Amino acid sequence: MDKNLKRMATMQRMQVTGLELFYKNGYYNTSVDDILKELNLSKGAFYYHFDSKEDFLIEILDNLLARKVYSMLIEPIEGHDNPLHLITNCFENALETAVHNEMDCGFILNNLINEFRGKNEAITRRLNEILQIWEVNLVSAIQKGKFNGHIDRHVDAEGIALFLMSSYMGVRTLMAEDAPSARKYRFMAQLKQYFKSLEVKHSPLKA
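Residues in the sequence shown are numbered consecutively from 1, following this note's numbering.
Keep in mind that the hints were calculated from the coordinates and are not lab data. Some hints could be false.
[Claimed, not checked] Heads up, simulated DSSO-like pairs for lysine-lysine below, C-alpha to C-alpha not over 27 Å straight-line:
1) K24 <-> K68
2) K68 <-> K144
3) K6 <-> K37
4) K24 <-> K53
5) K24 <-> K37
[Said to hold, decoys possible] Cβ-Cβ distance ranges computed for the label pairs, FRET-style:
6) G26 <-> M165: 50 to 60 Å
7) N128 <-> N89: 25 to 35 Å
8) R125 <-> E177: 26 to 36 Å
9) S71 <-> L174: 15 to 25 Å
10) G26 <-> R125: 17 to 27 Å
What you are looking at is a predicted structure, and each value in this text was computed from that prediction instead of being measured. Cβ atoms here follow ideal geometry from the backbone N, Cα and C, with glycine treated the same way.
All chains, please: the whole structure from these sequences, using the hints.
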């Protein structure tokens with residue numbers, strides 16, 4: 001295998017394993033030695049690829065977490081006239097992964113934001129940037145739905161985006177604690193009812 005390809009494959013494997021451990025145990029409760037033990041690599045191999053544990057996490061955020069959030073929560077709703085049913089399907093699919101994950105620990109972006117708040121400005125800034133990209137895309141999708149006549153023009157797109165993000169992160173946290181399937185079902189039922197209230201109300205046709 002070409003040396004560059006081998007190096008990229010090793011870095012990818014390290015980052016995937018690191019993300020899994022940070023998700024399960026938290027960043028501060030996971031040491032470089034824990035990561036190396038899981039990978040069966042030497043400390044020299046780690047520092048050949050990464051300058052520090054913080055640098056390692058930044059690479060994970062840029063290469064894995066941002067892409068994960070994009071593929072799960074942003075890409076499915078991009079470029080469509082009516083976002084409401086797409087957001088419904090998007091949340092349905094994203095939450096389903098938690099139902100079947102026995103080691104579920106909640107929404108990792110939310111976990112890391114809470115863990116780093118007030119502790120590391122550089123990491124917190126990167127995490128918030130991922131969150132902001134999600135928010136901007138939600139606002140844009142809702143505004144497009146308003147413009148195309150699917151969502152009531154009086155609704156607050158920024159407010160809806162904030163509500164959707166906070167409710168999604170909240171239910172993911174609750175699903176990690178207990179009864180994930182039941183909580184997902186109840187959440188999605190209420191979300192669908194909420195979306196009905198946002199739709200344009202058509203006047204009944206006169207006879």
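task = Give me the numbers of the hints this structure contradicts, sorted from smallest to largest.
result = 6
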